[in-house]
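Once you've looked at the hints, dock chain R against the given chain L.
Number of protein chains: 2
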Amino acid sequence: MYTKSNCLIAQSGGPTAVINSSLYGAIMEASRSEKIDKVYGGINGIEGIIKGNIIDIFDIPYERIKQMRFSPAAALGSCRYRLKDYLEDEEEYKKLIEIFKKYNIKYFFYIGGNDSMDAVDKISKYAREIGFEINVIGIPKTIDNDLMFTDHSPGFGSAAKYIATTTLELALDAEVYETKTINVLEVMGRNAGWLTASSALVKERLPHLKQLIYLPEIPFNEERFLEDVNKAYKEYGNVFITVSEGLMDEKGNYIGRKENAYHKDAFGHPQLGGVGDYIEKLVKEKIYKRVKMTRLGVTQRCAMHLASKVDFEEAEMLGKEAVKYALFGETGKMISLVRERNYPYTVKTDIVDVDKVCNKEKKMPLNWINEEGNYVTEEFFDYARPLIQGEVKVPMAEGLPYYINLKYAIKKQE
Amino acid sequence: MYTKSNCLIAQSGGPTAVINSSLYGAIMEASRSEKIDKVYGGINGIEGIIKGNIIDIFDIPYERIKQMRFSPAAALGSCRYRLKDYLEDEEEYKKLIEIFKKYNIKYFFYIGGNDSMDAVDKISKYAREIGFEINVIGIPKTIDNDLMFTDHSPGFGSAAKYIATTTLELALDAEVYETKTINVLEVMGRNAGWLTASSALVKERLPHLKQLIYLPEIPFNEERFLEDVNKAYKEYGNVFITVSEGLMDEKGNYIGRKENAYHKDAFGHPQLGGVGDYIEKLVKEKIYKRVKMTRLGVTQRCAMHLASKVDFEEAEMLGKEAVKYALFGETGKMISLVRERNYPYTVKTDIVDVDKVCNKEKKMPLNWINEEGNYVTEEFFDYARPLIQGEVKVPMAEGLPYYINLKYAIKKQE
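First to last, the sequence lines map onto chains L and R.
Taking my numbering, I'd label the letters of the first sequence as residues 32 to 445.
Taking my numbering, I'd label the letters of the second sequence as residues 32 to 445.
Just chain L, with the same shape it has in the complex:
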């Protein structure tokens, strides 16, 4: 017989379509373990946990858990909260340990991106330092796909599928008129071009489409851009331009947001957006009047109705694997995906030291971008194509996805 203890799961950062699949996987795996008694949820990530905002997941009717599995947006809520270094300020860490003790928590799973992995790193190190026994594992999620030491991150495949589908629909729409249209699509992804590049995945379906893709990995040169667009417009008429929200010029100024470059979010990242407007205006003034600009905004990270099945299943698998590794004694690690091959696509999980992952950004390899810096190479297609495969049958009711906000189905612990 084992001595049973409890586990805690929380979510952090910007949500993805499949962030709840990882939660679902972790809950399911934890609930079948003989070592784990109760499964707790931390509401609003680390920020909420410090405040004692904890729920007992087994209190939630299973019907709601199933519904949550197919819902976008972090079911346990999220935060953008950065723990200070414990050498500077130990207060929050003490509160955390108090909570862990109160609920007899020996396993803590944190589903999130770059900054969440920083929390995993700090908490696991602090616990080791003070001799508190706990296994802390990070479960990756980010539509930006910018986490290091994992082939890709859950959330990316679904966002990529949504962006490619939208590209396809917009490009077809533009082709109905004799009058030509220049489409401008602004895509998320901060400093990594993965999502923006995904717009290229329409290539097989629309081989005739002239696409120009501008990624943050390549400094944006306005003159060269105008040459590209002008040439493409003259040769093809219809042109589809996809730009990353994080485009920067040679000096590192965000395009279209020079005046706002110092407006930061809680993690200290500049808040982006506005590139689309800038590019739209530029093309209209310098090249051609009929420009249609689409800024998908947050829809890219919550379009569960178009989730990729591969992504959905991998997210769940990583949730499960994280629990297995924690039970095996691992801590201060992030669970990761290792691609075995592309055709047919197979993947396995591994585990990496989280301090190698956090506070870094994985960008598109420069040799996956063409020489002109305005499109991607075959390597990118091989990489991204498997990740958008398959559809998730989201339950529907009365014409709309049967989503839930778990918040309204849970009771807080006293």
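Don't read these hints as lab results, they were simulated from the structure.
Just so you know, not all the hints are guaranteed correct.
Remember, identical chains collapse to one label, so a pair may be satisfied in a single copy or spanning two.
[Unchecked claim] Think about it this way: if two alpha-carbon atoms lie no more than 25 Å apart in a straight line, the pair counts; the simulated DSS-like pairs of lysine-lysine are:
1. 438 - 241
2. 340 - 391
3. 391 - 265
4. 394 - 320
5. 438 - 265
6. 387 - 132
7. 438 - 323
8. 82 - 211
9. 355 - 97
10. 234 - 438
11. 156 - 97
12. 355 - 133
13. 115 - 387
14. 355 - 156
15. 265 - 282
16. 241 - 323
17. 115 - 211
18. 211 - 66
19. 424 - 115
20. 97 - 234
21. 424 - 340
22. 265 - 82
23. 312 - 323
24. 97 - 265
Quick look at chain R alone, frame taken from chain L:
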């Protein structure tokens, strides 16, 4: 035995997700008639037909026709072209009749919105005037739902479903943080609020959500708007604001586009957009900083991947019925939908004089908007709910919808 003659089908105006269902329905019905020999397609609407841009639809492999049925964007291309009055300029009409004679066309079906119905009216009247025998029938389509004398128009239900689903996803996403978010969603629909109102259809799924909806039917009063938002923000925190691109102030100036109010498209309609930016700025400056604005733009009319089954099937039915009525001898008419009841929803087709329909706009009844002018009443829900029901199983291939641009599968007639 009948003497066989040919029919011509064309599409016009802004596409919808299901405009090709009507085309498919018309093709299928025409191809089973003993009176019809060949089915021709007019490329790029009236504008292309005048130039002799005609294809033989039976030349297209049936596999492509099936694929087209599930593709957004007008498969035969579209135009924004307004015929002059034939008393003023008969030239174009003579060319049209020439084409009709050359291809022995006795039936002409025009799938489109308000302005396309104007063409149906003018062509049928001209033909009658000069004694040329042809049956001209209009098949309604518009996401704006602003056509008179039909309960609703194909295209609306699918766009409404897309907008409601996006509202649902964005609202859930905003709820993950403790920090509150004011969402601003800019929706199409020119001078009619139907589409913007559809954002309200999330009510049953998110009963706790505070929504404010501003329609072009109610003059926009900035002071009252700020009061509404301020009150909602103080009471609820998260607020979801949906605004129509066609919002106007009491003097008839488009909100956020005062400087551009005279920028017109080819039909003489002002080109809209910019409301979302204006509202975002206003709320940020006067009420609360964390505002997320989404402008879906053209995606609203081409998101076939989320089409409503009711809409899809009605669009096809109207295509078929138009052919039946034409064969029965009708001309100068628009096929229309008559709702029989809401629960269970049933609908039948009828036919109306097209001159009653064209150049008018059906707006939201004022008593379907609440007294405060910032939300809809139960009547709207009863009306719109049935129209977003059911899903269309769009064929998928390699992770993306298996759409086609028919243009690349057809040969032009000499």
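Each hint tested on the structure:
1. 438 - 241: between (45 Å within a copy, 16 Å between copies)
2. 340 - 391: neither (28 Å within a copy, 46 Å between copies)
3. 391 - 265: Cα proximity of residue 391 and residue 265: none, with 41 Å in one copy and 38 Å across.
4. 394 - 320: Close neither inside one copy (34 Å) nor across copies (30 Å); limit 25 Å.
5. 438 - 265: Between copies only: 20 Å across, 53 Å inside.
6. 387 - 132: neither (28 Å within a copy, 75 Å between copies)
7. 438 - 323: between (38 Å within a copy, 21 Å between copies)
8. 82 - 211: between (56 Å within a copy, 18 Å between copies)
9. 355 - 97: within (21 Å within a copy, 48 Å between copies)
10. 234 - 438: between (41 Å within a copy, 17 Å between copies)
11. 156 - 97: neither (35 Å within a copy, 60 Å between copies)
12. 355 - 133: within (24 Å within a copy, 75 Å between copies)
13. 115 - 387: within (18 Å within a copy, 70 Å between copies)
14. 355 - 156: within (20 Å within a copy, 76 Å between copies)
15. 265 - 282: Classified as neither: same-chain Cα gap 30 Å, cross-chain 42 Å, threshold 25 Å.
16. 241 - 323: Intra 15 Å, inter 31 Å, cutoff 25 Å: intra-copy only.
17. 115 - 211: Result: close only across copies, 24 Å inter versus 53 Å intra.
18. 211 - 66: Intra 64 Å, inter 38 Å, cutoff 25 Å: neither.
19. 424 - 115: neither (42 Å within a copy, 50 Å between copies)
20. 97 - 234: Answer is between; shortest inter-copy Cα gap is 21 Å, intra-copy 36 Å.
21. 424 - 340: both (9 Å within a copy, 16 Å between copies)
22. 265 - 82: between (60 Å within a copy, 23 Å between copies)
23. 312 - 323: both (10 Å within a copy, 21 Å between copies)
24. 97 - 265: This pair counts as neither: shortest intra-copy Cα distance 52 Å, inter-copy 33 Å.
Hints 2, 3, 4, 6, 11, 15, 18, 19 and 24 from the earlier list are contradicted by this structure; the remaining hints agree with it.
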